[in-house]
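Participant: What follows is each chain in one-letter form.
Protein chains: 2
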Amino acid sequence: MYKRKIYLEDKPRFEARDEILAAFEVTPEKELIPTVDALGRVTAEPIFAPFSTPHYHASAMDGVAVVAESTYTAHEQNPLHLKLGVQFVHVDTGNAIPSPFNAVIMIEHVQVLDDDTIEIIEPATPWQHIRPIGEDIVQEEMLFPQGHVLRPADLGVLIASGLLSVAVVKKPVVAVIPTGNELVEPGQEMAPGKIVEFNGTVFANFIKEWGGEPRLHRIVKDEPEKIKEALLEASETSDFIVINAGSSAGRKDYTVHIIQELGTVYTHGVAARPGKPVILGKINGTVVIGVPGYPVSAYLALEWFARPLVCKYLGVPEPERQKVTVKLGRRIVSSMGAEDFVRMNIGFVNGQFVANPLTRAAGVTMSYVRADGLLVVPPDVIGYEQGELAEVELLRPLEEIRNAIMFTGSHDLTIDLLSSALKQVRTEMKIVSSHVGSMAGIMAIRKGEAHVAGIHLLDPETKQYNISYVRRLLAGQEVVLYPFLKRKQGWILPAGNPLEIRDVRDLVEKGANFVNRQKGAGTRILFDMLLEEAGLEPEGIAGYDREMFSHLAVAAEVKSDACGAGLGIYPAAKAMGLEFVPVSDEEYDLVMTRSFYESEQFKLLAEIIHSPAFKAQVEKIGGYQVVENAEPKRLAEEVK
Amino acid sequence: MYKRKIYLEDKPRFEARDEILAAFEVTPEKELIPTVDALGRVTAEPIFAPFSTPHYHASAMDGVAVVAESTYTAHEQNPLHLKLGVQFVHVDTGNAIPSPFNAVIMIEHVQVLDDDTIEIIEPATPWQHIRPIGEDIVQEEMLFPQGHVLRPADLGVLIASGLLSVAVVKKPVVAVIPTGNELVEPGQEMAPGKIVEFNGTVFANFIKEWGGEPRLHRIVKDEPEKIKEALLEASETSDFIVINAGSSAGRKDYTVHIIQELGTVYTHGVAARPGKPVILGKINGTVVIGVPGYPVSAYLALEWFARPLVCKYLGVPEPERQKVTVKLGRRIVSSMGAEDFVRMNIGFVNGQFVANPLTRAAGVTMSYVRADGLLVVPPDVIGYEQGELAEVELLRPLEEIRNAIMFTGSHDLTIDLLSSALKQVRTEMKIVSSHVGSMAGIMAIRKGEAHVAGIHLLDPETKQYNISYVRRLLAGQEVVLYPFLKRKQGWILPAGNPLEIRDVRDLVEKGANFVNRQKGAGTRILFDMLLEEAGLEPEGIAGYDREMFSHLAVAAEVKSDACGAGLGIYPAAKAMGLEFVPVSDEEYDLVMTRSFYESEQFKLLAEIIHSPAFKAQVEKIGGYQVVENAEPKRLAEEVK
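As given, the protein sequences belong to chains W and S, one line each in that order. To convert, note that position 507 of the first sequence is 507 in UniProt numbering; the numbers rise steadily by one, no gaps. To convert, note that position 638 of the second sequence is 638 in UniProt numbering; the numbers rise steadily by one, no gaps.
Simulated from the structure, these hints should not be mistaken for laboratory data. Glycine is no exception: its CB is placed at the ideal position from the N, C-alpha and C atoms. What you were told as hints is all true, and nothing was included just to trick you.
In silico DSSO-like cross-links for lysine-lysine, where the CA-CA straight-line distance does not exceed 27 Å:
no.: 1; chain 1: W; residue 1: K486; chain 2: W; residue 2: K603
no.: 2; chain 1: S; residue 1: K615; chain 2: W; residue 2: K312
no.: 3; chain 1: S; residue 1: K208; chain 2: W; residue 2: K30
no.: 4; chain 1: S; residue 1: K323; chain 2: W; residue 2: K327
no.: 5; chain 1: S; residue 1: K208; chain 2: W; residue 2: K170
Which chain W residues stay away from chain S? Per the calculated CB distances, all over 10 Å, these:
no.: 6; residue: E229
no.: 7; residue: G383
no.: 8; residue: R446
no.: 9; residue: L474
no.: 10; residue: M529
Per the computed footprint, the stretches of chain S lying under chain W, defined by three or more beta-carbons under 8 Å from a beta-carbon of chain W, are:
no.: 11; region: 47-61
no.: 12; region: 92-106
no.: 13; region: 131-144
no.: 14; region: 186-196
no.: 15; region: 316-328
Produce the complete structure using the sequences and hints provided.
Facilitator: Have a look at this one:
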C-alpha cells in the first residue's frame, strides 16, 4: 500500500529537538487546585503575598511586654517596679504585642513580686524579642515566580499567606499509542512470536515522572486505517502524541507515511544510536513522536523528544543528570557521524570511579535497568581507549554507586542472595554483579575494576582449583583468595535425559546440540579439559561456538531444544526443571585485593556468608556447601 | 500541673538518631499492588523472572530464516536457490524462528526469484540476527532485590516477565498532630495572636515525598488531657507519630511530660541549631517525635528524625543531597558544641560558587524556601572567615543555581517582574535577588559575589546619582553603569496622612514614629541628607534606629501604626493602600562587571528591559519610568 522508504535521515539530535519544540505551539492551560494537593505542581503565574506574616507584632519569647523607653533607668543598683496592665503585660511566644508596648523581656529575666508587680534590673531595647509585622513575608512580596515547582515548605508559605488554592499549569495530556500485530495486552497468553506490550506502561510512567498526564491507548494493529484512526482521535484529545514502533523503514512501518499523509514529517531518523529511527511530525495541529520498538531505543528517544515538550508546556527547565568522570575499563568503539549512548556499569574501586559498557543490543531492557550511567559519545568521536577518562551521566544517585560492591568473574546464583542479605542489614549497600567468567574476573581485580571476583578454575596439572591461576595472573599483587562454596558441576539436559547423555563422548555419539560458555569461563575450561581427556576435538561438538554468559542462560537454551545439552551447576538445572548428571565437585572461591579484604565492607560480607541464615538459604537450593573454617590465602606474601 | 523543666539536653544529633532508629521496631507490612501503579514504590522481596524474555528464539530482522549449515557453499560465483517452507521461511522482526532453522538473512540480502524461491550469494553463520531465548531476561534470574525503588523502565521489565502485580512495602503511616492555642485551621479568620496552622501540611508533604503516608490530625489545644488523648489514639493507628510544638521547655510545653508519663523519653534537646528543642520518645510501643514550633526548626528536625524512620521502614537508604564547595561572601559565626544549619544563597559568579547566609531566625519560613543550600557547621567549628571555602548541601539542582543571575543591592519591585519575564523566555534562567542596600550592592560587585546590583545613591555634592559612588568604590575595575529606571521616592504615610506630614521637619514636630532603612541603603542616605539639609539630628527622630530591609517592609510597618512614617518608593505605598508624598525623582541604575555586561545573560536581560511588554508592565505600577536610549557608562576606561 505504501511505498517503502529504505533510508532514514541522520539529522543531529538537537536540531531535530529544536524543530519539534518550535512546532509545539500549544498554549498551556491553568487550573486552580487546593494548595494541600499542589506538591510537585508548577505555578502558572507569579504569586504575591496578600498580607504580611506575622500579620501583627508578635512576641518571640515567653515573657512580659514593656515600653522600652520606660525601662532605660533599670539597673542592678536601681531595680524598676512595673505594674500589670499599665507598665507591662504578660505575653507568650506568638502573642500579639498590644499598643503602646514595643519590647519583650524574657520571663527568666523578670522577678515576679506579686500578681500585679514585677521587678526588672536591666533596660530593654526597642523591638527586642519581637517578630515585627512581615518578618517572614511582607505583603505584596513575590513569593514564587511562574514556573516554580512547589515543594513541601512552599505549600506552607502559601497556606500561611491564606492562599488555600493555587493556580498551576495543567499537566499536558500525552497520548501513548502502542502498535504492532505481535503485541498482546499484559495478562494475555503469549504464544511464540507474541510479545506482551510493556513499552506503553514505561512511556506512561516516564511522562508521569516528568509532570505530564499520560493516556495509554489499547494496542493498535499494524493496519494503516486503524493507525490513522487512532492518531486522528488522539490529535483531538491530547497535547501531543507518542506512537510506538512502525517508525523504522521496514515492510510494515506505515507510521511515517501516515503522518506524511495527514500532516507534516519534520524528521525521520536522527544521528544517535540506539534510537535512530524516530519520526517527528505534526497532524491536525498536534505534534506526533514516532518512537522505535526496541525498548532501549524507545526510552532514549522518548527522553530526547517527549521530555522537552512536557517541560516546555510546564515552563520548567529540563532536569539535567548528575555527571561523574570515570576511568573506562574497556575500549569503546563508536561510529563517526552519530552520537552513541552506551549503557555503563560504574563502580567505585580504589578511590576511583571505574566504568564498563553493558551490552549495546537495543532489545535488552535489563541493560538499561542495570545501567548506572550513560556514556554519550559525541558524533565526532570514534571511541575511547581502555583506561581513558570520560564523563558519564548518572542513572542512579552517586551515593548508591559509591556504596556498591562490584562483584565480577564467574556467575553464581548465590551472589544475588548475598546482595539481598547485605541490603537487608545495610540498606545503603548492595552488590552489583557482572558475569564475565573466572579469567576475566581475575583480570578485573588486577586492573582495579572490581572489588571481588568469583572464580572456579581447575588446574589440569595439579587438579587444584584457583590457587595456581591467581598466583600466576596476580603475581606480586597483594590479594586474598577466600574460600566460599563447593558446588556441583554437571551435564544440564532436557527433562528425562532423552539422549541418555552420561559423559562428553555421548555428546558426539548421540548427536546432542551443545550449549557452550564464553571463553575464560571456569565451566568452559572444565569442558575443554573433559574434551582433552577424552581425546576429542572442539570441531566435533555441535554448538561448541555458541556461547552463553551464565549457567541460567545455558539451562534456558537446553530447555528449548530436546537435543540440547550443556555443562553447568546443579541449581541452574533444578530451577528450570531439567535433568542434571554430576561431573565434578568444584571450589568456587572469591579473590580480592588485600585492602578490600580488610575493609568494613568485606567484613560485613564475610559475616553474612558465615551466618546460619545465609548458609541455610544457600544449602536449601541444593548442590551447594558453604566452606567453613578454611583459611583465606593471603597471596602477596607467598609470591614476594 | 506539670513541673517546668528549664534545661534541654545538648545530645549529639546522630546519637539521638541512632537511639530512635533502634527504638523503632515496627515490622514493615507488604502489599500486592498492580505493577502499573507501582512507580516509586519499594520492592518488598527479591523478584525473580518466572520465564525468559524473549521466551522463544526471535528474529531480530525482517528477512528469511534458514539452516545456517545449508548455506555454507553460497558465494557470488555460486548462488544458492532455496525453496520456501523447506529451506527457508519468511520472518519479520520479532517472529519466532521455527525448527530446524537457526539463522536469519536480512531481506535486503535476498533475491526473490519467484513466490517459492529465493537466491542467496553469502553464507549465514549459526544464530545470526536471532535474539535467543533469554537474551534480555533469563528465567529464574533476579530482576530486582528487595528494597529497590521501582522506576519507569523497571515496570516494563516486570510486565514483560508477566508480573502484573508486585509485592511492595506498605507506606508507613505517620500521624501528624499540630498543637497550640494560637493555631487556627487554614481558611479561618486570623485575629492578632492567631496563626494559621501550616506546618502540618508541610510535614505531611515531606513525609509523602519520602515515601510515607501522612495522616494529618486536626489542631489539638494546649491541654494535657487533649494532647494525651490524641497521642494515644495515634499510637494505635500509625507506625510513628510527629507532634508539633510544645516540645520546648516553656510554661505550656506539656509534651515532654506527657510522653514521660505515657512511656519513655529518650531525648529532649539536641546539639543542633535551629531545631534544638526536639523530643524523641515512645508511648504504647509507638515512636513519637516532638518537633519545635518555628517552621525552620521544625523542617530540619523532621528531616533529622522522621526521614530515617520512613527510610528504615521502607528498607531504602536515606537520600543524600548533592554538595558543592562555595566561597563564603560573609563571615559566619557559630557556637561551639552544637551543629549550626545556616541557610545559604549560592550564586555562580566569575566561574565560582559564592554563598551568603540568609537570616538565621527560625521563624522565617521564606529563608528556608529561598535558600539554595545548607551550610552545616560542625559542633567543633566556631565559624568561617569571609572568603573561606566551605561545603554546602544543595536544596536546589546545581544547574538551577548555575543558571541564576545574582541580583543584589537596593530593593526594587520591578526586579521580580524582570525575573518572571526572563523565566518566561528561558525556563532555565531566573534572577535570585537579595536586598542589601545600594552600598553593600556595590561592594558585592567588587568582591565578585553577584552579577548585578541595583543602586540609587545621591551625591550631596554633585546632586548626581550613582556615578561618583561607582567611580570611587569600584576604582580601577572594569564595570558598567547601566541606566535602568527613574522612580519616585517620598514619604510613605498612613492612609489620609493623619499627622499631615509634608517634610522632614514634620516628623519631629508632629511626633511621627519613623521607620528607617538599613545603613548603606540609598533611601537611608537620602533621608540623612534631608536631615542634614534641615539641620536636624538623627537623635531627634523617633524610630531612627529601627531598620527595615525593603520598601515593602517599611510600608508594612507604617500600615500598622497610625503615627507611622517612612521614606520609600511610590509602588510600595500604593501596594498597601497608603498615602504617598513625593520627595524626589531618583535614578535607579544597574552596576555590573564589564564581562557580565557583555555576557549572553545580560544581553537577554537588556532585551527584556527594553521590550514594550516589560515597559508597559512597569509603568502600569506607577511611579516608574524605564530609561530609554541612555548610554551605559563603561567606567574602567575613564578611571584607568
